[in-house]
Amino acid sequence: MIALLRHPATIVWLILAGVTVFSWWLGTDHGVGAPIEPHVNITTGVILLSLVKVRLILFHFMEVREAPWQLKRVCDAWIVVVGLVLIGLYRFATPGN
Amino acid sequence: MTAPAVVSEAPGKTSEGHIPGETGIWVFVLGDMTVFAMLFAGFVYYRAEQLGLYLESQAALNQTFGAINTLLLLSSSWFVVMGTDAARRDARALAQRLFAAAFLCGAGFGLVKFFEYREKVLQGLTPVANEFYSFYYMLTGLHLLHVLIGMIVLVFVFLRARTGIRTASDRIFLEGSATYWHMVDLLWIVLFPLLYLMK
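Protein chains in written order, with our numbering: chain A, 1 to 97; chain B, 98 to 296.
These aren't lab readings, by the way, just hints derived from the structure by calculation.
The reader is advised that the hints may include incorrect statements.
Just so you have them, the derived chain A footprint on chain B, three or more residues with Cβ under 8 Å [what the hints assert, rightly or not]:
#, segment
1, 115–129
2, 175–186
3, 211–220
4, 229–239
5, 246–256
6, 262–269
We put the CB at the ideal spot given by N, CA and C, even for glycine.
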């Protein structure tokens with residue numbers, strides 16, 4: 001069991017879990033101010049963090065780190081394009097943001 | 098000019114890198130990820146047109162269930178990474194236990210979703226309640242379908258782990274299945290903040 005925990009994937013899991021809990025805390029209403037108000041920078045941060053997690057999963061769980069450079073580039077491109085589109089739509093197409 | 102050095106005898110592995118599974122699996126995985134990305138973009142776009150409705154509807158979502166589900170899938174991926182590792186080292190019994198644990202995490206996810214959907218339906222928040230809930234059920238439902246398929250795949254991985262990785266076909270099956278399962282985790286990682294946390 002201890003040997004299993006010493007695997008590099010465990011560190012990755014800890015980071016992923018930590019970021020998840022942090023994002024959840026960030027994104028949860030803390031009861032301060034009107035809960036219906038949008039929080040633009042917090043949400044942008046939460047989306048960015050989710051993409052960091054995606055990259056960790058792709059490169060460390062899905063072994064893209066050891067993959068040919070073409071696959072690495074395609075995966076990074078997906079992350080960048082999805083990030084730009086989602087954050088772009090959120091920040092610029094959403095009224096009041 | 099010398100030939101490029103081969104790093105290991107595993108098929109497909111050279112100093113230029115190793116494609117987990119085979120190329121076809123990645124065409125499927127990246128394609129599926131792109132389909133979901135377009136659905137996510139659609140969600141954010143339509144949300145912008147009825148922001149008040151979306152914010153109000155989101156307030157009824159159970160963020161704790163969502164966070165628990167995220168941790169369940171992250172853990173299941175860890176189990177699959179460790180199981181794959183064990184299978185490669187020919188530690189078959191261990192590999193089976195790890196894949197079984199991954200399956201149980203998936204089942205846990207499904208169970209939480211059942212309770213969550215039930216809670217919503219009892220509140221009258223069905224797929225036709227409003228546009229936010231149409232997206233919510235469609236996105237999480239499509240994802241849940243992927244989870245259920247992944248769980249079936251894990252059963253086969255569990256069974257195959259007993260005899261071990263002996264051929265290239267065994268390796269491709271193991272790595273391809275693992276890749277698919279991690280994709281299911283990855284999709285939820287993006288889905289969760291968009292639906293549950295985005296304000």
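A quick look at each hint next to the structure:
no., hint, in the structure
1, 115–129, "holds (count 5)"
2, 175–186, "holds (count 5)"
3, 211–220, "violated (count 0)"
4, 229–239, "violated (count 0)"
5, 246–256, "violated (count 0)"
6, 262–269, "violated (count 0)"
When the structure is compared with the earlier hints, violations turn up for hints 3, 4, 5, 6 and for no others.
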